[in-house]
Structure formats: structure tokens, C-alpha cells
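**Q** Okay, here's what each chain looks like letter by letter:
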Amino acid sequence: MIKAVPKPLEEVLDLVKDFTKVLIVGCDGCVTVCEAGGSKEAKVLASALRLYFTQAGKQAQIDETSLTRQCEKEYLAQLSDKMDAYDAVVSLACGCGVQYMAEMYNNKIIYPGVDTCFLGVNEERGLYAERCQACGRCILAETGGVCPIARCSKRMLNGPCGGSDQGKCEISKDVPCGWELIYERLKTLGQLDRFEKPVDPKDWTTSRDGGPRTIVREDLRI
Amino acid sequence: MSVTTPSKLQKMIASGNFAVTSEVGPPRSADGAVIEHKGNLIKDYVDAINVTDNQTSVCRVCSLACCIRLKLMGLEPCLQMVTRDRNCIALQSDILGAASFGIHNILCLTGDHQHFGDHPKCANVFDLDSIQLIQTVKMMRDEGKLLGGHEFAVRPQMFIGAAANPFAGPNVAMRVSRLAKKVAAGVQFIQTQCIYNLDKFKEFMKLMVDRGLHEKVAILAGITPMKNVGMAKYMQKRVPGMDVPDDIIRRIGGVPKEKQAEEGITLAVEQIQELKEVEGVRGFHIMAIEWEEKVQEIVERGGLYPRPQLA
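Listed in order, the protein sequences are those of chains H and Z. So for the first sequence, the working numbering puts the first residue at 13; every next one is plus one. So for the second sequence, the working numbering puts the first residue at 1410; every next one is plus one.
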């Protein structure tokens, strides 16, 4: 899922301090799972903003709500009769949700309330780790189910580099070497023969290098 | 190993003599005289001079410009190229540029992560990795073709090198495997990581010899003299993938401070003597980091001087 972290409160305050009617919109999708931008976090942020305005002696109306998903028009449309009542909206969805809301409500100021980080897994509550960079052409079948694009700091297709030290990446002792993980998994699977075959340069056109991406599934379109 | 390019380094290796290379680090300013000075210091003691490519991710004069300068001085440069900073368009463009000046040696590297350097907030590229860069240079040289498919007549005549670190994780066997992969990609010579743990290096070379890989690629053993015990400790603790045994620290630290540099040179010379006896070692790559003036002494005392003059 998409992983995000709440923006520091000071940053959000700085964005909304000059408005008097602000709506906080949580998203019940990915950002709820990583506890960054769900209905609970929307409530907490709204309370914090109310406290700030009260302490600053300013009159302000801060409301919160949450949508099933902010990356779908049908759910965003549920805000249509509310939007006029607010000067600004803070969306706690990922960057997709913030942008889709801004597209739908073109004349409304929409601010992001979280920093969208990566596609990852929940290792533990409060501990999320990147696993995929959505490069558009999955090579996990060749790499023992461990992605070198997401998990090698140099996205090498023929690693590990010489900086791999006791299972850790050269950038930090807290980062596992992705290629040592691949090597160990290939060994476990009895597929080490793959390791010595050079992998050709990757076609990056399906990644961000090809420009903004769109999927057109004719089989699904009506 | 036969001569297939105009590289003087390749010729030296093919002659059966121990080859000697060293490296010069470009300045962090536009002062071109630095490379000229460093080149002149070592030119009579080596067969080729590597120019590092923004080593440890610190921005410096580019390797290509320095290699051209050395070439115009009549010396034999080896272009180090990392894939961190340039995509395959820029890499291939620089290779063509180098070849257009008659540069015939290249060292293909992935490069340190920018996290280490003076621009830790910058983006990196890593369009290719070192092995894919080896493949690319080989294709340009042998097929006269770019990655994009364009075919051309005047090909870069490159003697293709790369690095190997026998001491990095997870184990020596995997490090031999990865070197085998570089050989499969087309590498012709290897300059190794600085060797301090000779036992482990010998284990690495034995596996290389067992697989016959030493016949397919020329191994130049990496030698870096320790300037003092502080440097030895720093390399042991702080440099990823570096293996500095405690007895090296004890030896350098066991002499008075003013004698430590001399002890470091003596240690380097002893390492060369010992490594000459290791099957598969075909030369030495002397990395005297910001200490280029000591290359002469190491080469002379290591019994590698005078350099053979080949026709």
C-alpha cells in the first residue's frame, strides 16, 4: 500500500493560519492503514487546529470528515455540497487524492496534510518499509522475489556493489543490502545460477522516465 | 592474454611483466595544473594513470577533462567512469569523446552513493550499473553500436576494466561469482579494493584460479599505503567493505608518530612482494590517496622499477 506520514503540525498551521473556515478531509484507504491520514488523524488534526486558533484569539471554523477513497470521483463528489462553506481544505490523502480533489474542485484551495512516501509493507505498527517503486515491469521472478530497484540504494540490476558490508548497505547500517537478500534467497531456492548471468540495461520507459503514466485497459472500459 | 587494443596497459599485461597503475584525484576547483603536477610525479613509475570520477561523491574536475590533459602530455590515462551521475546517453557520449582523444583504458564503476559526498541532497541516476557499463563499452568497441541501436564506423578502442572488492559481503565465494559475472560481461582487467587482509585475498584468488577466471581477466592488486594509525583506524571502522585486520593497526600504531608514514610505505612494499607470489596477480594498482609523491618509492622498493619499455 501507499505509505505516508503526517506533515508536522507547524507546517499545516502555516498553510491555514490566515483562513477562518477550514475542512480537514481524511481518506479511509492506504493512509488509514499507516495511521497518517484516516478519520482518526483528521479528528486529531482538527482538534489541534481548533486549539491553535482559540489560543491565538481567532474565530475559526474547523471541521473534519473522511471519504472512503480520495482517488475516486464518486467519493470525492460527496463533498460537493460542503465545499462552498470553506475557504480551504486540508486533504490527508496521498498525493493522488490531494490532486484528484484539486482537479474536481478547481476553484478551491486544497492543501496536503501528509507527506506521501512510498509503496510499502507494515513490518510492525508504526514501522513501514518500501518494497516497490512501481517501475511498470516487474522483475521479481528473476530476483528471488526481492526487488533490486526498490531495495538497492543504487537500483543495481547486477549487485551487490563493493559497499555491501555484513549484510548492510553502504548508506546506513540500518538498511539491509538488497542484493545480499537476493543472493541469499536465490541460494535458498537453488537458483544461484541466475546470479552469474549479466542482466541487460533496464527499459525505463514504463517507469517515471517515460513521463506521466496512464493505464488503458480496453477490456475493462465500457 | 593477447593485445587487442592500442592500450599500453594491455600491452604490458600481455608481455607477462607485472603491470603497474596508479591514480590521481582531480581538484575541487578549476585548477588544471594539479593534474599536470600529479601526472608528472608518477608518470615514470606506472603504465597507466587512473583519474577518479568524483570519488566518494565529491564534486571535482571531471575525469574526462583530466584524462585528455594527461593524454596531451603524452601519458597513458585510464578513464574512471561511475554510473551514478550520468545516464546512458551521457556515458556513451563521454566514451566516444575519450576515444576521440586516443584514450584507450576505461574503468567501469557504479560509484559510491551520493550520501557520502558534498551533495547528499542531489538526485542520482544509476541508469546502468557497472556490469551494464562494461557490456555497453564492449558493444561500442566490438559491434560499433550504441545501446539505442545506432551503428557507427569509428569505434572506441577501449581496454575494459572494473573494480572488485574481495572483502565485501556476504562472502568470498559470492565475490568471485560477481567477478565471474563481470568477466561474462566483457571485463579485461580488474583493479581490486585496497588489500590489507592478505589471507582473505589469497582465498579469493584461489577460487579465481580454481575456476580458471585468472586466465580470462588480469587482476591488478590494490595497494594503499597507510599514512598513520589514524588512517588505518578510519579505514577499518568507517569505510564500508574495507577489511583492515587488527595486526595492521598494531603495527602502524606500534611505531612513533613520525615513523608511521615510513612504516606504512614499508608495509605496502612487503604486501607487493608477497602478492607477487600469488597465482593470478598480474600487477598492482597503487592508490596513494593524496600522497602521489610516494608512488615512486613504493614502485622502486617493490622491485617494479624501471618499468619495462615495450616496443
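I should point out that these hints are in silico values taken from the structure, not numbers from a laboratory. Since this is a predicted model, take the numbers as computed values, not measurements. Just so it is clear, CB atoms sit at the ideal spot from N, CA and C, and this is done for glycine as well. Please note that a few of the clues may not be correct.
[Said to hold, decoys possible] In silico lysine to aspartate or glutamate, EDC-like type, Cα no more than 20 Å apart, as pairs:
id	chain 1	residue 1	chain 2	residue 2
1	Z	Lys1547	Z	Asp1619
2	H	Lys185	Z	Asp1503
3	Z	Lys1530	H	Asp127
4	Z	Lys1646	H	Asp186
[Said to hold, decoys possible] Selected chain H positions facing chain Z (in silico; Cβ < 8 Å):
id	residue
5	Leu63
6	Glu142
7	Gln145
8	Arg149
9	Glu182
10	Asp186
11	Tyr195
[As the list claims (entries may be wrong)] Cβ-to-Cβ under 7 Å is the rule here; a few derived chain Z residues that face chain H:
id	residue
12	Asn1449
13	Lys1590
14	Trp1700
**Q** None of the hints should be skipped; say for each whether it holds.
**A** Taking the hints in turn, this is what the structure says about them:
no., hint, result
1, Z:Lys1547 / Z:Asp1619, "violated (26 Å)"
2, H:Lys185 / Z:Asp1503, "violated (34 Å)"
3, Z:Lys1530 / H:Asp127, "holds (17 Å)"
4, Z:Lys1646 / H:Asp186, "holds (16 Å)"
5, Leu63, "violated (34 Å)"
6, Glu142, "violated (16 Å)"
7, Gln145, "violated (12 Å)"
8, Arg149, "violated (15 Å)"
9, Glu182, "holds (4 Å)"
10, Asp186, "violated (12 Å)"
11, Tyr195, "holds (6 Å)"
12, Asn1449, "violated (31 Å)"
13, Lys1590, "holds (5 Å)"
14, Trp1700, "violated (22 Å)"
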